[in-house]
Amino acid sequence: MSSPDAWTYDAHDITKVYPGTTALRGVSFSTRPGEVHALIGENGAGKSTLVKILAGIESPTSGRLELDGRQVTLTSVRDASAAGIGVIHQELQLFPDLSVAENLFIGRECLTRWGSVDMGAQESQARGALGRLGQDVDPRTLVRRLPLGLRQIVEIARALVAEVRVLMMDEPTSALTAGEVDALFRVIRDLASHRVAIVYISHHLHELLAIANRITVLRDGAVVGAAAAADVDVPWIVERMTGRPPHATRELPTAAAGSVVLEARDLSLPPRSGRTALDRVSLQLRRGEVCGIYGLLGAGRTELFETLLGVHDDAEGHVSIDKRSLDRSDVTARVEAGIAMVPEDRQAAGLVQSMSVQENLTLAHLAALAPRGVLDTAAERQASERVAATLRVRAPSLDSPVVVLSGGNQQKVVIGRGIMTRPRVLLLDDPTRGVDVAAKAEILATMRTLAAGGMAVAFASSDLAEVVEAADRVLVMSRGRVRAEYSGGDVTEEKLTAAASSDPAQRDAVH
Amino acid sequence: MRFTEVLVRLRAVIALVAVTIVFSVLSPEFLTAANMTILVKHVAINAILAIGMTFVILSGGIDLSVGSIAGLAGMIAGALISKGIVFSSAGVVFYPHASLAIVTAVAAGMAIGAFNGLLVSRLSVAPFIATLGALYVARGSALLLSGGATYPNLTGDPSIGNTGFTWIGAGTLAGLPVPIWLMAAGAAIAMFVSRRTPFGRQVYAIGGNERAALLAGVRVRRVKIRVYMISGFCAALVGVLIAAQLGAAHPATGETFELNAIAAVVLGGTSLMGGRGSIVGTLIGAFVIGVLADGLVLLGVSEFWQMIVKGSVIVVAVILDQFQRRS
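Sequence lines, in order, name chains X and C. Following the working numbering, the numbering of the first sequence begins with 1 at its first residue and continues without gaps. Following the working numbering, the numbering of the second sequence begins with 1 at its first residue and continues without gaps.
Derived by calculation from the structure, the hints in this document are not laboratory data. In this text the structure is predicted, and so the values were computed from the model without any measurement. Think of the CB as a built atom: it goes at the ideal place given N, C-alpha and C, for glycine as much as any other residue. Where hints are given, some of them may not hold.
Every beta carbon over 12 Å from chain C, so not counted as near; a handful from chain X, in silico [what the hints assert, rightly or not]:
| hint | residue |
| --- | --- |
| 1 | Asp-97 |
| 2 | Gly-225 |
| 3 | Glu-306 |
| 4 | Asp-330 |
| 5 | Arg-334 |
| 6 | Ala-349 |
| 7 | Ala-388 |
| 8 | Arg-417 |
| 9 | Gly-453 |
A few chain C residues facing chain X, derived, Cβ under 8 Å [as the list claims (entries may be wrong)]:
| hint | residue |
| --- | --- |
| 10 | Val-103 |
| 11 | Ala-107 |
| 12 | Ala-111 |
| 13 | Arg-196 |
| 14 | Tyr-204 |
| 15 | Ala-205 |
| 16 | Ala-213 |
| 17 | Ala-216 |
| 18 | Gly-217 |
| 19 | Arg-276 |
| 20 | Ser-278 |
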């Protein structure tokens, strides 16, 4: 798993210029065997660019990379991987129709002496790697049959079997449950004790302080802080990331909940592979209220939102808006009736990557922007500018391809598409997943503002602190059922945790 | 924008201009009005098919059935003009007006398109498979209609009052052949629909990310069905044009036309993955193919070499396209 020798992998004075923007300015970054080095910064600060350069995906405009003190030029991932440098990307890069074992060994298959793939050897090594991660998954399972959390584990196992010296992890915990995070941290410590260098990127600052030895903070492409993790605390990091002192925890104005806007009764969804079955879920969403749906991965949060939106043809139960039944309405009719949803997986279900920022923003609103069947381009531009300004979307231009935006700004675009239709009900599925601290605060504040404007807002999350901070009322889900409901002062981390884990079979349902 | 960037972006136009110049230098006949009219008339056939195909490919699909639909539509129009509708019980034969024959043929093409769209959107059949099936079914139907024979002499009979059919393929309007007008009108409408209507935007969105489009409230199934209906309409129109041009309907008309249409779309820079591309690009693509074919014929290059040139041009064009995407 490692070479016992002392070795180093350093980046010196790296600058990276893209057309129109400088992503990195004179950044130096070092890794040491056995050390967990956290890389922190807001979206767009240059973290991903630095990781791409370290991993050989991109070449620096100037500056040099040194492996064991000798300058190296990495021109491909293959070069980097031969040098023992591996990356786990934020967006999973797995092959859904191949087995777990085949995914782990893609590009470096174990061969028999006849030159065919040695399935047996791959499966037993895969079993070993997954075992180290505390997961008892059959390596012959197709990846498409695994829930998201387990897919992340598979991605990590893939780096494990590659015998890396430097392992870079970009937001590895964004889809993991608390138990899976603990297991991951054990693995990271285990790797570090085997003299692997870890570069760890995350927006969860407490998590970073728990695992990192050293911390480097980037802002606007430059290093603005570097310290031993033991010497710093969360406010120190936030101040450097944002360039201003952290503001006090936001006081929530408790909204006076208004009339019921959306009512769902006895929603059920039959079980099918890759989704959680719903079991007679009922709920009410009220004007002016932010309702949190708390539950772990696989609790059925996404399925609940999709069923409210009418995505599943085989769902049973009743949904109404303002007492008007939507039972016979398809997704389009429900959007027209005033439901908007911000999906969990931004890349797979939120963005249209081939389109511009503006085209993404107006996608749900086209009928209204084309009163006589022809798009009113002036009105389209105006509506896009208004929403982009409201949500403070940072984009070179509304006509830029949406893919050039940072994760947080992409998320704002998807939210913007939802609110452009002025919905009665806004459903946000894990809206802060993979976005930075500042963008997260903005998204939570936006939910509050929208609710204050009379919208019924519901958001799903597995982030306990976030739910407690942002929700007026919380429904706790597990295994496709609503287990408990709390509001006001009853919304505490203890109560939510207890309710979410009230069913001991919860973990099994994920497997 | 840097000069080289402009060059790369306008490469299709530049290629078109370049081959035009080369052929006009090499062959004195190339740039004559007579040759140009023939050339554009040939291009019109492929361009109309390719316009419909562009919508399908933009939506992330493919339509292999257009050549067969063209063949079947020509045969339906041919049967209605030359044989009429026989009411054997009453012993009466009804000969419909030429315009009714055309409308019927085109409606049949749209019906097959709608069926393709239903298979793709409702039953989740892969577009390649669904339209491959339609390719065979439509061709078989075209052959069955006449038992494999040609319907000759579609000029109609003045005493019955069903003349005029051939005008749509062989006639002229303000000095230009009717098919060229139809191509121009079709292209103008398609450009407008693709860029300025919700439907056009939704086609791009579905090709770019179908799930995102669905969750945003786009009626994905309906849009897909319409896309295949547009393609069926264009294909049937082409079948009618060819039958009218020749004054005869042959059941084998349109074989491999689907490949020419796809080639024009791809040459025009539309991604086979869907979501990216344009009608203008497709038009340029159709013209590049048409100019090459016409010019090479004038130069006396053998048909076999023509195929090799066409194939190479398509592949090189797509390679250039990939370079541009990466930069």
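Now for the hints, and whether the structure bears them out:
1. With a least beta-carbon separation of about 15 Å from chain C, Asp-97/X lies farther than 12 Å from that chain, consistent with its non-interface assignment.
2. Annotated as non-interface, Gly-225/X keeps its C-beta farther than 12 Å from every C-beta of chain C; the closest such distance is 35 Å.
3. Distance to chain C contradicts Glu-306/X as a non-interface residue, since its nearest Cβ pair spans about 8 Å, not more than 12 Å.
4. Distance check for Asp-330/X against chain C: the nearest CB is about 7 Å away, which does not clear 12 Å, and the non-interface claim fails.
5. The non-interface label for Arg-334/X is inconsistent with chain C: the shortest C-beta to C-beta separation is roughly 8 Å, within 12 Å.
6. With a cut of 12 Å on Cβ distances, Ala-349/X falls inside the contact zone with chain C, its closest approach being about 5 Å.
7. For Ala-388/X, the non-interface assignment is confirmed: its Cβ lies about 17 Å from the closest Cβ of chain C, beyond the 12 Å cut-off.
8. Listed as outside the interface, Arg-417/X is inconsistent with that label: its C-beta sits roughly 6 Å from the nearest C-beta of chain C, within the 12 Å cut-off.
9. With 12 Å as the threshold on Cβ separation, the claim that Gly-453/X sits away from chain C holds: the shortest Cβ distance comes to roughly 21 Å.
10. Look at Val-103/C: its Cβ only gets to about 24 Å from chain X, farther than 8 Å, so that hint breaks.
11. Hint status for Ala-107/C: violated, given a least beta-carbon distance of 23 Å to chain X, over 8 Å.
12. Against a cut-off of 8 Å between C-beta atoms, the interface hint on Ala-111/C is violated, since the closest Cβ of chain X lies about 24 Å away.
13. The interface hint given for Arg-196/C is met, as the beta carbon of that residue sits about 5 Å from the closest beta carbon of chain X, less than 8 Å.
14. Interface restraint check: Tyr-204/C against chain X, minimum CB-CB distance 7 Å, threshold 8 Å, status holds.
15. Residue-level restraint check for Ala-205/C holds (minimum Cβ-Cβ distance to chain X is 5 Å; threshold 8 Å).
16. Because the beta carbon of Ala-213/C sits about 7 Å from the nearest beta carbon in chain X, less than 8 Å, this interface hint is met.
17. The closest approach between the C-beta of Ala-216/C and any C-beta of chain X is roughly 4 Å, which is under the 8 Å cut-off, so the hint is satisfied.
18. The interface hint given for Gly-217/C holds, since its Cβ lies 3 Å from the closest Cβ of chain X, which is under the 8 Å cut-off.
19. With a cut of 8 Å, the hint placing Arg-276/C at the interface with chain X holds, because the nearest CB-to-CB distance is about 5 Å.
20. Among the interface hints, the one on Ser-278/C is violated; its C-beta lies about 12 Å from the nearest C-beta in chain X, farther than the 8 Å criterion.
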